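*Asks:* All chains should be modelled from the sequences, with the hints used to inform the complete structure.
2 protein chains.
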Amino acid sequence: MEDPKLLNYLETFVSAKRLQRFEEVLHWRTRYLTVVMEDVYHQHNASAVIRSADIFGIQDVHLVEDRFSDRLDKKIALGAQKWTNIHKHSSTEECIKSLRGQGFSIIATTSKPEAKTIEQIPIDQKMAFVFGTEKEGLSEDALAKADELLHIPMVGFTESLNVSVAVAIVLHQITKKLHSSGQNWQLSKEEKAVIRADWIKKSIKNIDKIVARFQEGM
Amino acid sequence: MEDPKLLNYLETFVSAKRLQRFEEVLHWRTRYLTVVMEDVYHQHNASAVIRSADIFGIQDVHLVEDRFSDRLDKKIALGAQKWTNIHKHSSTEECIKSLRGQGFSIIATTSKPEAKTIEQIPIDQKMAFVFGTEKEGLSEDALAKADELLHIPMVGFTESLNVSVAVAIVLHQITKKLHSSGQNWQLSKEEKAVIRADWIKKSIKNIDKIVARFQEGM
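In order, the protein sequence lines correspond to chains A and B.
Take the first sequence: its letters are residues 21 to 238, numbered as in the working numbering.
Take the second sequence: its letters are residues 21 to 238, numbered as in the working numbering.
Label-pair ranges, simulated between beta-carbon atoms:
| hint | chain 1 | residue 1 | chain 2 | residue 2 | range |
| --- | --- | --- | --- | --- | --- |
| 1 | A | K197 | B | D228 | 49 to 57 Å |
| 2 | A | S180 | B | A232 | 35 to 43 Å |
| 3 | B | K37 | A | K37 | 54 to 62 Å |
| 4 | B | E139 | A | S180 | 24 to 32 Å |
| 5 | B | E168 | A | R41 | 23 to 31 Å |
| 6 | A | S200 | B | E179 | 19 to 27 Å |
| 7 | B | V214 | A | K197 | 37 to 45 Å |
| 8 | A | K197 | B | D23 | 49 to 57 Å |
| 9 | A | K225 | B | N105 | 48 to 56 Å |
| 10 | B | S180 | A | H199 | 19 to 27 Å |
Since the hints were made in silico from the structure, they are not lab data.
Note that this is a predicted model, so its numbers are computed, not measured.
For glycine and all other residues, C-beta sits at the position ideal for the given N, C-alpha and C.
*Replies:* As structure tokens, then:
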């Protein structure tokens, strides 16, 4: 955890308006839900997914980078990912194992019509929604290891939704349901403090110099 | 309306499986809802919106092309728009006037939090959802002339959803509500027949030659 004196010092570099915004956003932030994306090929999809996560209050996004590892680093646009925690994994198996260890139910999104709809997914446990690549859909690993299969009903000729669109539909609907439920989905006071400190640092230009100056003055 | 003999002849060029698919898709098609997009700058957004319209069963998409008229023609990707009717308009004003004349309630999407949420929008009248450009949002014309203002609640730092994502969220939720309502949202028998004939023609390669051959044989 951050030195409280340093944090107090750093706060003086951030406007009151912005600090107020942090409180509002933290109020709605959750780690009860998370998103896992298997290899994402198109840049605008990866950045759109992170943007949707931020918009619907999801703090953590997990990216599996089996094949395009050099791509993603370069390609994720600056912006919303500054305010979310991006976790990188080298395989779907490892990612799922890690999330299950943290108590998440693994929900794989598919186009199979026998899968559950969003309304039918139980929300009494933390949920990790796993999305596949645009071209191939979810990997066998993800499908085999999932606790639940989810699909979004479609009634046209087109057989799949753009992945960033599918993520947004799921997050929009599930967060709405969660917010009106009795589940304990909000961040703890401690989690909020850590994230708030991170956001403060990310809001300050020349943060390294400012921290160094503070430490010299001690 | 199509010559029934020609139509019977053309049907012989389309597989039974495909004709069956047409019936399934027509069952869910609606003209009770439509989407209007003001100047859409990015190609992938325009094609993603048309794709979402197809996926959620919306037959008509309206595009207003004040400024980028040469862009859109070239830029809309082949695919889903084959199965939807794309209507082009030279101004938002003209488009809204025309839709209102057809009995549509005009619903403008905005980021204003005082606007209604999707659940609060009445569905007892045909609905046209108007979406603005990514950069500037809706035009003053659209906002001033709307019957209802709609917004999607957002709780993060990012202040706007990608337009194609916003369209998909709205269509997903409103079609779900409509399908479980008592509204008469389905196409009439006559409308289905016209659209079916159009799809049959679009499914046949060298349609012009085949129609010519039929007409010579008469």
